[in-house]
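Using the hints provided, position chain F relative to the given structure of chain G.
Number of protein chains: 2
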Amino acid sequence: MPGKCARSTLSQYLDGEFQDLKDRLRQEISQCELFHLTSYDLTLDETRDLTAERLHFVLQLPEMRRHLKEQVKERQNRFICKSLGIAEVICTADLATGVKMGVVCGLFGGAVTNLGSPEQKEKWYLPVTELQFTGMFAMTERGHGSNVRGILTEAHYEPSSQEFIINTPCEDAKKMYIGNAMKGNCAAVFAQLIVNGESQGPHCFIVPIRDHQGVMYPGVTAVDMKHKEGLHGVDNGILVFNNVHIPRENLLNKFGSVSPDGVYHSPIQNKSKRFNAMLAALTPTRLALTVQALAAMKLGLIIAVRYSHSRRQFGPRDQEEVKIIEHQTQYLRLMPHLAAALALTFTTRFAAEMMDEALHHGRDLMNSRSLQALVAGLKAYSTWENLACLQDCRECTGGMGFMMENRIPALKCDSDVFVTFEGDNVVMLQVVVRELMTQYTKQLESNAMFGLLRNWTSTASDSLRTSVLGFSMDKVGDLAFLLKAVSYRERVLQRSLAARLYTKVEKNKDEFFRAWNSCLHHVTSLALAHIHRGRR
Amino acid sequence: MPGKCARSTLSQYLDGEFQDLKDRLRQEISQCELFHLTSYDLTLDETRDLTAERLHFVLQLPEMRRHLKEQVKERQNRFICKSLGIAEVICTADLATGVKMGVVCGLFGGAVTNLGSPEQKEKWYLPVTELQFTGMFAMTERGHGSNVRGILTEAHYEPSSQEFIINTPCEDAKKMYIGNAMKGNCAAVFAQLIVNGESQGPHCFIVPIRDHQGVMYPGVTAVDMKHKEGLHGVDNGILVFNNVHIPRENLLNKFGSVSPDGVYHSPIQNKSKRFNAMLAALTPTRLALTVQALAAMKLGLIIAVRYSHSRRQFGPRDQEEVKIIEHQTQYLRLMPHLAAALALTFTTRFAAEMMDEALHHGRDLMNSRSLQALVAGLKAYSTWENLACLQDCRECTGGMGFMMENRIPALKCDSDVFVTFEGDNVVMLQVVVRELMTQYTKQLESNAMFGLLRNWTSTASDSLRTSVLGFSMDKVGDLAFLLKAVSYRERVLQRSLAARLYTKVEKNKDEFFRAWNSCLHHVTSLALAHIHRGRR
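Protein chains in written order, with the numbering used here: chain G, 1 to 536; chain F, 1 to 536.
Bound conformation, chain G alone:
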């Protein structure tokens, strides 16, 4: 049976090394009645309760508890690869549960484990893995979403009590869109650390929000944000802090700490670099988002492709109507997304392996700049590709694709916000290009102007060769030629962007933000060309 053999080999490739674990999880979930319910008829509160119960079910599975404890103790070799495998299975079962698990384990858990000391992990994350409480991640504010460096929440150190006082000084400083805000017990809150009147930039603090009975701690307010396009099971809210006192030990202290008498210490002196290091440490959750998008995409494709093989419409005169997958437009709309899903599966795994290796060797993720850029690019590309894919799946399944029972609409609505959260996609593309420009400048070493000119010349000769090759029609299906073409596109865009920025900033003395902004369309085109080409 070569067909069966081929299928199982493909599923092995798709699931990768953790296929057995994923299969066991799939089986556990498929046998759990909580996942058999649909939520269309439920109220918002009932939907959130169902999601919380589903998350609790997942977290208490022995496999999951074993895995999460690894995050607290010594890191396993393949922790990130394994986490992503698990995330995909949960998201396929229910995206809201997957996203809520991402908030509790990835964002809150990631903040504690990547920004905290071993003692802080024991104190704040071990109980989560033991289902004693859940956490949330409070970075975004009303006034600052993409530009998180500008957050306004304050954390004043008070030496007399050895406490930090967390405060929301104004409307714009309110923490917004916080997932698990209406149910969670404590939050990883980013605030400007102020010691002796001097700001040390944003740091992360553990702030208790409500006790196990749901009673709020003094000074903390959580406002329900209620109805969203999707992810109804995730309770997003607004957090406001009115001079909330927390112990000194609640500052996650890997990148900065305050001594009892109020002296600030940090292994990184530059404030901006320090914050970059914190953000870099949180990169793994960004890669998880790629996997969440992939889960939605694969599920949508399975539904749409299967339907297209069963539905018949139109056909040759006086003959049976043909399967709609045989309509040229139908397969030309669906198949490229299937190809993209496969390409993204393997590129994501490649990035996860690089990350695991970096962490295994104790390297700071801040120093893996090209990995940062790859992950930012993958986040943008995969979440956009997911939306385009699901939209085609929706349209290619006609009226059926508009009915909630067929899952595609909910997948679309749930994953729509993926292009925004964990870093807006347009900002992500700029992260990619800043890295490309840095590499480019390094390559050119000394004389920037000379380098640019030399490169422009070689671009011109490239152009000639490529366009001559382009005339041969059989080249279109030749992978080596296609790779050459996408590399060429990227190179031309990169060199011309460098030249434009050089002229604006170095020659015309334009302010950098203005210069960069006037090239932003060029920047995003280059970023997409880079991601499209794939691995370095």
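Hints should not be assumed to be uniformly reliable.
Any copy will do: because identical chains look the same in the list, a pair fits if it lies in one copy or spans two.
[Unchecked claim] In silico DSSO-like cross-links for lysine-lysine, where the CA-CA straight-line distance does not exceed 27 Å:
| hint | residue 1 | residue 2 |
| --- | --- | --- |
| 1 | 504 | 323 |
| 2 | 271 | 323 |
| 3 | 73 | 254 |
| 4 | 475 | 504 |
| 5 | 174 | 323 |
| 6 | 73 | 121 |
| 7 | 484 | 442 |
Just so you know, the hints here were simulated from the structure itself, not pulled from any lab data.
Structure of chain F alone, referenced to chain G:
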């Protein structure tokens, strides 16, 4: 105050000749408390009830009643233009109400008024305008959505009782996605008319569904289709007929009638042409859909552009952050949609005027083939453009754009099905190209092969001239050059498609459906190029 003056002139242009009527309607609606409610917290049934109440409110407005009565009596000069103006106002207030009004007045009302006799209009549509009952439109079946010619519902004529017997012979014949199916009183049902054992093709019958107390008529079943991605206020259902007897007078008889003793008469002998004539008579509702999409698009743009002028994020070092509309990517994402909304506004009005003129002069819409093609193309282009626009509005407003209270998500979910209903967009593009190919064949008159060759030659010389012009950079902003470019693209695609089809069908003797299907991507590219160029 030149600014104010410019604005009011623009709004005059946008609203067109019915600005005063539209303003009065806007005021009536804005003062109606039913439209102040939000439906996120309501159950599905409550949402549907609210929509029904909103529709009732709109239909009882004196302006509306006057307008609808015009549809029953002698047609006014500008009936379609006026209807579209009204539809836009209602859809801007609430898309579900606008769509439900479209079902009751446009689809059911349009079937009765365009396929029925004057007496049938008096009997079946006048009561709707007097709020005595509401109707629905039952064409689509489970087995046949796009290919409606293949519907399976049967209407047998029984001379002994002078009745038609409407029957659903199988699962695939069930009428699906029928709007107002859970609340409406009677349906315009398309069924294969069978007289003396001979089928005369699809015809439209008025079938009573439920009385004023909601009691179903014998033999009729309506199954609730429940939860959809959007348009929650529209009650879609499945209709099943188990040998339902209706009087002979319930066959809408403009294009075909049966005498008491069972003799079939029709002004059109060819069955296929007859059905085409019926479909053509229903074209106005397709144009209404373009207006519904435009309403969603304009509203989304207003929200996104205003937000982009108030939100600030990032900026030059040590200066205030800039408004996000100043980010190059932000305005490059939003402004083309604004331009498209304007272009579509005027093109739609142009099509409506053509349609009004044809109807005013008593011309059958079937004979205005190029108008049919324009409307089909506008339907596809505007509904896709709307979705692309709303998606950019959603993304450009960040997290805010994911919150239901900011309307963009609901607009997106409600209007998503516009690309499917009233004719799937991919099918609409094929309607456009069939018309283009017919015109092309006519142009070539006699010797097809010779004509093709001659045209290919002129294409080649066009190509040369255009590419030389293309080198001059200032041409890019020159409207005459751009029009030349889009015409050129269309011409090349049209000639090459004709040549490909000619080779396949005439030379290689391929079956037509297969030949056409193997060019389907080419077909859709040509259709979009044609619509993109705009007016003929």
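Legend entry - Hints not upheld, ascending by number: Nothing - there is no hint that the structure violates, so all of them hold.
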